[in-house]
Each structure stands twice: as structure tokens, then as C-alpha cells.
Amino acid sequence: MTELATTVWQGLAAAGLGAAEGWGVPPAVPGPMWIGLIPALPLLAVVLCTLCAIFKVKSKLPAWLTVGCLAASFVVTLLMYLNMSGSPMLSTAFTWIDVSWGSERSPRNLHANFGFYIDSLTCLWMLFVTGLATLIALYASEYMSHDVGKGYSRFFAAFSLFVFSMACLVMADNLILLYLGWEGVGLCSYLLIGYFYKKPSAVAAAKKAFIMNRIGDLGLALGIFLIFVKFGTVEYAKLFADGAFKEMLGHAMTGTSESWAKIPWDVKLIPILLMVGAFGKSAQFPLYVWLPDAMEGPTPVSALIHAATMVTAGVFLIARTYAVFQLSPSALTIVAIIGTVTALLAATIGMAQFDIKRIMAYSTVSQLGYMFAGLGVMTSVGACFHVFTHAFFKALLFLACGAVMHGFAGQLDLRKLSGVGKMPGWRIVGITMLVGCLNLAGFPLLAGFWSKDMILAQAFITPGMGLVGWVLLLTAGLTAYYTFRVYFRVFVGPQEHHPGDEAHGHDDHDAHGHGGHGHDDHGHAKADHKHEAHDFHPHPPGWAINLVLVVLAAASFAIIPLTFMGKHGGWVGDMVSHSSAAWSAPGEHHDDHAGHSHAAGDTHSHAGESSRSHDEEKLGTFLGMDPHAVMYYVSGVVGLIGIGVAYRLHLQGRTSAATSRADALLPMLGPIPKWAQNKWYVDEFYHFLFVRPLWVLSHIFHLIDRMLVDGLVNLAGILPRALGATIRPSQSGQLHGYAVAMAGGIGVLLLIVLLVAR
Amino acid sequence: MAILAPSMFLADVELSNYLPIVVIVLMAITFGIINVGVSMLLGPRRKGKVKGVTYESGMNPVGTARKRFNVRFYLIAVVFLVFDVEIIFLYPWASTFAHLTPQSEESLLWLGRIMFFLLTTVVAYLYGWRKGVFKFD
Amino acid sequence: MTMQSMHDKILELWPELVLFAGTCVVMVMGLSPKLAVRRMCAPVAGAALAVAGVLAALTTPEGRGLLPGLMPFAKVVVSVVGLAMLLLLDGTVDRTEERLIASGQPFNPLRTNRAEFYAFFLFSLTGLMLCASANDLIWLFLALELTSLPTYIMVTISRGGKAGARSQEAGVKYFFLGAMGAATFLFGFALLYGATGTTNLQAMKEFFAHAGEGGGITDLAIAGMLMSLLGVAFKIAAVPMHLYTPDVYEGAAAPVSAFLAFTPKTAGFISMILLCSTMGWTHGAGHSLPDLVRLLLWVMAALTMTVGNVLAILQSNVKRMLAYSSVAHSGYMLVALVAGPGSGRGITDNGLAAILFYLLSYGLMNLGAFAVLACLERRPGPDGEYREIETVDDLRGLCKTQPALGWTMVVCALSLLGFPPLLGFFAKVPLFTSAIAAGEIVLVVILGVNAAIAAYYYLRLVAMPLLEEPDATLPPAARTPFVSRPLAAFISAASVVVLVAFAGTLMREAGEAAKPPKATGHSNAAK
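Which chain is which? The protein sequence lines are A, B and C, in order. Be aware that the first sequence starts at 34, since it is given in the numbering used here, and climbs by one per residue. Be aware that the second sequence starts at 407, since it is given in the numbering used here, and climbs by one per residue. Be aware that the third sequence starts at 71, since it is given in the numbering used here, and climbs by one per residue.
Careful, some of the hints might be misleading.
[What the hints assert, rightly or not] Heads up, simulated SDA-like pairs for lysine to any residue below, C-alpha to C-alpha not over 20 Å straight-line:
{"no.": "1", "chain 1": "B", "residue 1": "Lys-537", "chain 2": "C", "residue 2": "Lys-79"}
{"no.": "2", "chain 1": "C", "residue 1": "Lys-79", "chain 2": "B", "residue 2": "Ile-520"}
{"no.": "3", "chain 1": "B", "residue 1": "Lys-541", "chain 2": "C", "residue 2": "Pro-103"}
Keep in mind the hints are simulated off the structure, nothing from the lab.
The shape of chain A in the complex, shown without the other chains (with noise of 0.2 Å):
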């Protein structure tokens, strides 16, 4: 105890708290200029495919635009990333807000540059962002052939935009560029999921995820506005650095209940509305309902924008300012439980539904879930390695299934396929496939497992979680299930397959999106494929969607080695841990990770932390054992358990697209599944209670606005008018008018101006 109370002291003292830096952060040195081309090339993209688009430009063009400039920003990533040195980069491109008001005495300023702050934790989200566009984009080269000359230049223009606005998002050095960042790709995120606009479901998602996405936005807004009400600044580095800032920081630390009362309330309700804000753009509950909707986008933009990138902005927000969400005793602990809630509710309806892509975005709902909930135990390393890992099988799963549905004609109903990966030309699909599935599943010792097991492990240790940890373990077990009842299905098993709506005759993908006629009607499952031979044929992919499947499944294998080649997450442990995410959660820093970590900091917060769980109080414990020793074993075990569980029922013994053993089970489970299918009915509950009464008073409102509003604007129609006839005299060209009114004007003007002053 004596001993601890010094480490907190000498921590205290190390890290200068209200003095010279920040508690892990050294302060920033200036950054090359060329960092910036990391955002401008994606933009140069953006205006080069705009002039494709002016000048109707009929062939693959804007997409080679796209992959060479997102290659060449991927290069710049990399270059960036090895120039990194200890300390964060700041790169100013150019003064964007310089406001200053107030008085003499204490003047306001409000500055915020267009510039970049580059530490580790930007260098990993900057290296994934980019590199998936690239390959993504060549993907999507093939992928919206079919839309050639029509929306192609649209759709990769706003490819291109996500990408400069992620990059802003990533990059940035203060809170107001983050949110252009924010709003950009919640706006290209809305444009790509209303990409086939003429289909009504389509529109509505869009408008779905815009709507939901605002409601987080105001979260972070006020978030923004509050901070630099408090601390003065927008700017990362100057409010790490700021005095009041670390003060209250060291407060938070001491952990009693007297020193969290010197934290003004209004401070520690910055967290809770930065967490809104993540909330929104990273679907959590209860605003996750936008993203399932969100796969009516193009399936590269779901596996970019839906699955890899942008739903993990949240994830970053909170990575970037975890120091802020030391400030509030209860900002980490909902962070923590919201996201358990979220992992366990999502997997349970992906359990119960049909469209594999559906399936594919519930358990993106689900991981993301999991990286929350890893955040919220302290674990910022595991949550961000668990991003890391995520966005590559990920992305590899949503473009599996989306040369699925780009072969099979929109197909995307489990029961409508089976056996795919033996088809001639889709072995490499369902080889990849496999690879996605089995580290979503959590299989030991792939890339998916370490991430996964490092969050579970720190639930279990961070005292007063345990529940969480148990039920994320139940979540992987039920994540092995799901995921394995697609594959098993749909890509083993006896080959048959049923064309989706969108094929007109043969291999006529002209419709491709737009809402097809559905000339045949499929809804009958026990049609047998024979029949429908003569008229589709499913055509396997080409070169470019196989080049990047393999590309991706290779990726999810080398992060593995990243993985092993340190303790802790190894390699995107230590890019975490050097960054300004780098709070560490009790027992996870032991004495071989100050090595390489800032050591002043990396004391003070270990100390800082181990002060905050009450200090006497035990670690939490996996039934008695070490939770980082045993969970490998255990969720290694749950994981092979759900698959096993997957195989024994819609693998063994099927014969058949549309039945499985599961269909047997199903009766005993009572209304349950149907339930989890219908998504446990939370659209139907927000619709009855937000979009209900919103509709109503919407008429009401629409009636105000017809009455009054109108009203009001046609008297100030009536009001200049009417003044304008009692002028009329002198309007109608009466040159003496004029003069008379100016003259006059003068005199009133001189009355007010000596009236006022008196």
C-alpha cells in the first residue's frame, strides 16, 4: 500500500502533472509538409473523377484514378509511418480558423489549423484506411462494371471524398477538423448507401444512417463546444498540455471521492457526450439500428465505409481522447457495458437472419461491441488491435459475400445457396472465405483470436467487470455459430444455387441494384437449380476481386506474426501504446513493456490507475486463474465449440439449400427466433416511439409553418409593400422624392445617432 501511494507520488511528480508535458505524451515536434498529400491525394481523386463525370466518361478510367491516387496516399502512409520518432508530428497545411475576441484581459481565441497530428495511433488507423481503400477500390473496379458510365464516376468520387474525409478525421490535430472529418464521412457514407437512388429501400436507409448518425453528431458537437469552453482549445496538443486540464486529470486520479468533486460536473460531462457522439458512428446500442440497413449500399462501400473504417471512427474517438475519458468516474464503465450490450444483442438476431449480408453487418454491430467494451475496461491497446484485426477479415468476409452476390445475380439468402466454394472458378472465394470466418470466429491463434482474447482477458482482470467478461465470452461462442452457419451453408455442402432478383436472362446484370423486376419469382425453396440452368449462370469472379480476396486473407495471416512478435498485442500494441491512447489498465503493463514505453507516463498511469481500482482490492480472476494465462485456452474452446455446434447443424447430413437440422430445433425454442429474426422488434419499438410522434408533429408543425410562418412571411411580403405605397410618390421616379427622402433620411439618421448617444 506505502508502496503504491509512492509510485503514485513519483508518478505524480514524473510526469510533471500541471507542469511541462503531458502524462504519456511528449511534447509534439514539427512534421514534414508531405504528410499532407495523404488527405490531398484522395481529394485530387475526388476532382479527377468529378471531371470524368462532367465529361461522361464511358469506361473504367475514374476507377484506375481512384487506386492509383489511394495507392500512392497508401505509399505516402507508409513513408509517414517510418519517419515516426517517439514524439507526436504536428503539420500545419494551413491557418484554417484564427478567431480572437474578448477583452485585454482575458482574450479569447479560438485556433484551429488544417494540419495533422501524427502520433502511432494515427500511423495504424492511416496504414489500414488506406491500404483497404486501395484494394477495395480495385475490387470495386470490377465489382461496379456493370455500372460503367452511368454512376461509376459518382460512386468513385465519393470513394475518393470517404477517403479525405477519414484521413481528415484521422489526422487531425484539433476537434474541429476531426468533425469536418466526421460529418464528411457521415455524408459519403450517406451518398454510397443511397447509391442506387431510384430504389426506395435504398433512399431510406441513407436517410436512416444520416438521421441516426446526427443524433451522435450533436453528441460530439456539444462535446467540442464544452471543451473549449473549459480548457480554451480545440488542439489535441495544447489541451494534453493544458494546465487546468492536467490538474483535473490529476484528480481524477487520486481517485477519492473528494478529489472526483473537484472536477466540475460540467467537465466530466464531456465524456459522456463524446461517447454519444462514438455511439452514433460506430452503431452502438441503441443507435446501431442505421448500419444493417446500411448494406443497401454497393458491397465495397459496405466492407470500407460499413465494416472496416468508419464504424470504427468511434473507436478512435475515444483512443484519441481516452485521457479526457479519465475525467468522468462512469464515462468508461457505460462505454464498457453499452458495448457488451451491444455485442451480445447483435449476435443473437445475426443467429436468426437470412441475407448473409445482414448476418455480416450484425456481426460487425457485434465486434464493434466488443472493441467498446474493450475500451471500456481500459484496454485501449486491445480494443484498437482488435480494430486492427477486424477491419481486414472483415472487409474480406463483406467482399467474399459480395462476389457471391455479384455472381449469383443479388443473390444473397443462405437458403437459396450451397456448395459455392466448389464450383468451378469460386475456390478461391470460399478458401478466403474461410480464412474470414475462422478469425471472426475467434480460431486459435489466428489474428481475430489474439485481439478478441486480449479484451475478454482485461474484462476479467479489471475489478468489478467480471459480468461483462462473461458475457462477451457467451458473445464469441454464439459469433463461431453465426459466422459458421454462413459458411457451412453457403459455400460447402451440396452445390445448388437460385438466381437473385436482379437477373434478366442471361447473365444480364444491367438492373444490377436498381430495384429489378424480379421476373423470376424464387420463393419457393425446393425449386432445384436444374431448372434454372438454361436461363442464369452464375459467373465466378475475375482477376480483380480474386487479387484483393487473397491480398486480404494474406493480410489476416500476417498480422499474425505482428501479433506474436511482442507480448501485449506485439506490434499495434506498441503503436497504441505510444500514443496518446496509451492508458493501460491494471496487470496488463508489467515490468518488460517500460522498456519500450514512455516511462514517465507509462508509471504514472500504471499508477495511476492501480490507485483508481481502490488499490487493496483484488484483480479480478477467471475462477481463480490468471485471466490472461487461461483465456487462450478458454475462448479457443468456446470458439471451436460454436463452430462445432454449427457443423452438427447445417453442415452434417444437409442435402438441401433450404432445410438444415436447425429447422428442427427451431419449435422447441418457442417464439424466440422468430423474435431475433425480426431483430427483437427495436426498429418496430423506435418506430412507435421517436418516428411516430415525430410524424405528427412534423403535420403539426407542417400545419404552423403553412399558417404562421407563411403567414408571417407574406406580412413581411406586406409590410414593405405597404410601406413601399406610402413611398410610392416618391418611387414612381420622382426625382424630388428621392431627394426629399435622403434629405430626410440624413436628419432621421443624425436624431437616432444624437437620440442614442444621449
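Here the structure of chain A is known, so what remains is to put chains B and C in place on it, guided by the hints.
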């Protein structure tokens, strides 16, 4: 800032400086009133047809006075005005120039100025010429 | 003024001298019986402007006066915008006359207006440049009048045929009311002279700064300043001196209206900046303007914005709408005039820089809107008259019938509205930031509300060409046969987009132009 009030204006301005102007204005008004008044008092008043015509001892006017004149009259008048003003400007210049040291930089500057001014009138003359002001047909 | 300073002053006046030489040449050349020579008027005027611009950028020495950097910036802006205006002015006068001559009628110099038109155009810009060079009240008065007097005549002769009656009416109105405005500020100047005993602006500033030592700002000086500003308000079309604006803009041909929206307004604002600089901010006697002067500008700004915008909403005639919006834009800039140059900590809180930048931006984008009107006409009716495009309905579906012009209108209207990321937005931002920095929050709110009102009618100019279908019952509007007019429109639209990339540089340049002189020790003397 104090309030703007007439009394404060008076405090600012040395009114006595304006006294000569006041005296001249008063003299002018008085002179006019006296002239009119005295002629009203002393002058004989006779009314008759001849007394009422425009030119009491000339030819009777023909046609209306509100007749359009050829625009060239005005053009000539304007050109005349240009040279008229030029002469008015030349006079004070000449009277000052005589007092300047010959060949000095100052006198050269003065010379340059008036040459510039004369140039403008030459341009005006040239313009008038091209415009056909001097052609009266 | 000593002799030596006269020498220096002439050094600063090379651009004006070049313009004057150009004027003389144009005036004579335009009267040549040979068509080829007459046609050279516009190129000669353009060359003079270009040379003047280059000279202004290169030779203008570091001035001393109240705002040392103002001269080169203002003169370059004037020549750049002037060149664009020149493109637009092509074919405004003598269209019918030239047709008659081409059909065999002898050339009659008395009936043509080309020489006068281009000469007066250059005269007006000369006056505008002289305004920027002014260091004396008398100079300022003459420069202001040299700017305005030619415009009266340009308005009058800008249209021929039946429409000529309207332009003549507009010209006469403009002239008489302009004379009244001139009388007002001349009265103000006289009072200022009476209060300070000098007409030199620098001397006046020093007089105001030396409170208690036979100087200081007296009530007479305040009265003079108020009258001066109210008089100059005519030039910028601010309330209450705005009444002439719609009639004159409507009566004049569209290119001339565009010219009116830029030239007198710029002259007026430069004069106002110079006048206010003698009394307040850090340039003159104090940190802020005297209360009464500030109050006058404040009320004027609020009224001008609001009146301009509210009345613009009601207009169906595009030229009247743009006229009222020109009033409103003056109001926006007055806000920055109230704010003043700020603390000098950053360029964004310098209101004077904001005004100078806004003048440039407004000149360009407004030019584009008027240029679109000038490029279009209805084909001659039974009476052989060309009809100008005037009402908002005439723009219906323009993006489909004349895509280039339609999009120019859309871009320019959006920019005028201050839509990001166009030039108008970046021009408007410093107005806001400078006023916020000066603590004029109420005025900023009024400005914001007005910017929103302005959206209402500017969006009509966007929606009509872009969203509506062309009116099938009318023959579509055709292009006027003047090549350089669409060129002016496109240049304007392009600059609205492209200059955004240089907004920072331009703003910095404007900041240099509005930089106060180096401290002379007593500039901040207490009142």
C-alpha cells in the same frame, strides 16, 4: 463624447471671424431693399398696351420663345467654357510664376503643371474638333 | 504640402497618368470615321489598364499616409476588375449606329458615343485610383467626383432606341441625387476643415490625436465627420442614400450596372476608411472610433443590410434585385468598417482588410451575375428592338438552353450568397470574424440573419436556371453577338472558384494594405 448641442458649437467657433461676412451680407440685402423700396416710392407708374410688350421700343417678337435651338449652340458654348476656364486658371498661375526663381526646380515643376493643364485643353480641343463641333452647317 | 512631397506624390501617380493618357487617346480615336480605328478603343483602354496595373504593382513606393499599403493593393484591384469590366462593356453603345453605318449611312461623329463611353470608363477608374492615393480632403473630393461624374453620363448613354428614354431618366436621377450626395459630404469636409484648420488628412489625424494641446476631436469635427460619412454613403448606396440604386441599375444597361456596383462603391469605401482613419482605431487618434461616429456607422450598417435584403426579396426584376442586394452588400462591409482594423494579432480580425478583400470578391462575382444578363437578349420584335433579359423568369431553365451561362449564374449567385466553398464565403468570413473580434456581437447577429435572408432571393437565381424547365411559350433567349461578354462572365465564374485557392494570399495582401503606419509615438495618445 459630449452631446452635440448648438451651444457647444458656438463655444468652438470664433464667431468674430465671420463678422465681415455678416456685414457684407447685411449690406447687400440692405442695398437691394433700399433700391427697390426707393424706386417704388419715387417712380411714376403708368400702364398701357405698349408698356406691356416684350421689347418696349423694338420690333414685335415673332413666334414662341420656347423654341428648340440647334444643339450646336450649346456645343459652342461648352467649348467656349473650356477656354474660358483655362484663361481664368492661367491668370493666377502667371502672376505666381513671375515670382519664382528662374530655372529652379520649383519653377520647372510649376511649368510642368501648367503644361499638363494646357495639354488637357488641347485634348479637349482635339476632341471637339473630331466631334464636329466647329462644323456649323 | 511641400514641393518635395509633390514630387513624391507624382511618383505614386504613374498608374493614374497612364490611364489619363489612355483616356486622351481613346477620346480622339473613337471619333475616327474608320471602323477599324474606332474598334481600337477597347483594346487601347485595356492596354492602359494593364499598364496601370503593372505600374501600380511595381512602382508604387511605400506610402506614408494613413494606410501606407493601401495604394498598390487598391490600384491593382481596380485595374484587374476594370479589365474584366472592359470585356463586359463591349458593344454597349452605338449598336444601332454601327449597323446604320455598315448599311451605307455616312459616319456622323455627333451621333456616336463610343469615344465618350470608353473615355469616361477610364476617367472613372482614374478617379477611383486617385481616391486610393488621396491624402487631402480636396483631393478626395475631386477624386470622388471624378469617379462619379463619368458614370452619370455612362448611365445616360448606355442604351439606345426606346430603352434610351429609361437610361436617360436613370442618368438624370443619378446625376441630381449624386450632386446632392456630393453637396452633403462637401459640407462635411468644410466642417472638418473648420474644426481642424487643415485639409491634409495626416495633419488632421495629428490634430485629433493632440487632445488638449490645441487639438482633439471637437463636436464640430464630429459633425463634419458625420456629414461626410452620410454624404459618401451615397457612393456606396447605404441607407438613407440608397434610394437611387434600383432605378439607376434598372435603367442602365446591364454592363454599366455591373460597373456601377463596383466603381463608386469601392471609391466610397476607400474614402470612408481614410476618413475614419483620421479619427479612430489605432490609425488615428484613438483605439476605437468616437462614439457618435461608431453609432452612425452601426445604425447605417444594420439598416442598410436589412433594407437592402428585405426589398430585394420582393423584386422580380433581376437588375433591381441585384441593385438592392448591392445595397445589402454595402451593409455587410459597413459592419467590418465598424469593427476597424482590430488588434493586429491576426489578419482575420482586421475589418479593413476584410472590406478590401470583399470589394475585390464582390466586384468579381457581381460582374458575373450582370454579365449573364448582358450576354442574353430576346431577338428583335416587330419593332426591331432588342430586349434585355430582365426578369427572374427570363432565366428559367437557362442551364438547359445556355448551359455555360446558366452555370455561371448559378455559381455567381451562390458565391454572392456566401455559399461555401466559393469565393463569396471566404470573403464573408473575415467580416464576421473581425466583427466578433471587435465585440460587435449584436451586429454580427444582424449580419448572420441578413445573410440568411439573402439566401432566399439568391437561391431564386440558382433555382430558376438550374431546376426549372425553359418556358416553351417564349422564344429562348439568345446570346448577344459580343464575344467578350461571355468571356467576362466565364472569367468571373472561374475566378469565384479558382481564387478560393488563393484566398489566404489575397487576404494577407489585403491585411498588408490595411496595415496601420509604423507607430510614430503619439498615434495612441489618449483623447
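Results of checking the hints against the structure:
1. With a C-alpha separation of about 34 Å, the suggested pair Lys-537/B and Lys-79/C falls outside the 20 Å cut-off, and the hint is violated.
2. Pair hint Lys-79/C plus Ile-520/B holds up; C-alpha atoms about 17 Å apart against a cutoff of 20 Å.
3. Only pairs whose Cα atoms come within 20 Å are accepted, and Lys-541/B paired with Pro-103/C is accepted, the gap being roughly 15 Å.
Violation of the numbered hints given earlier is confined to hint 1; every other hint is satisfied by the structure.
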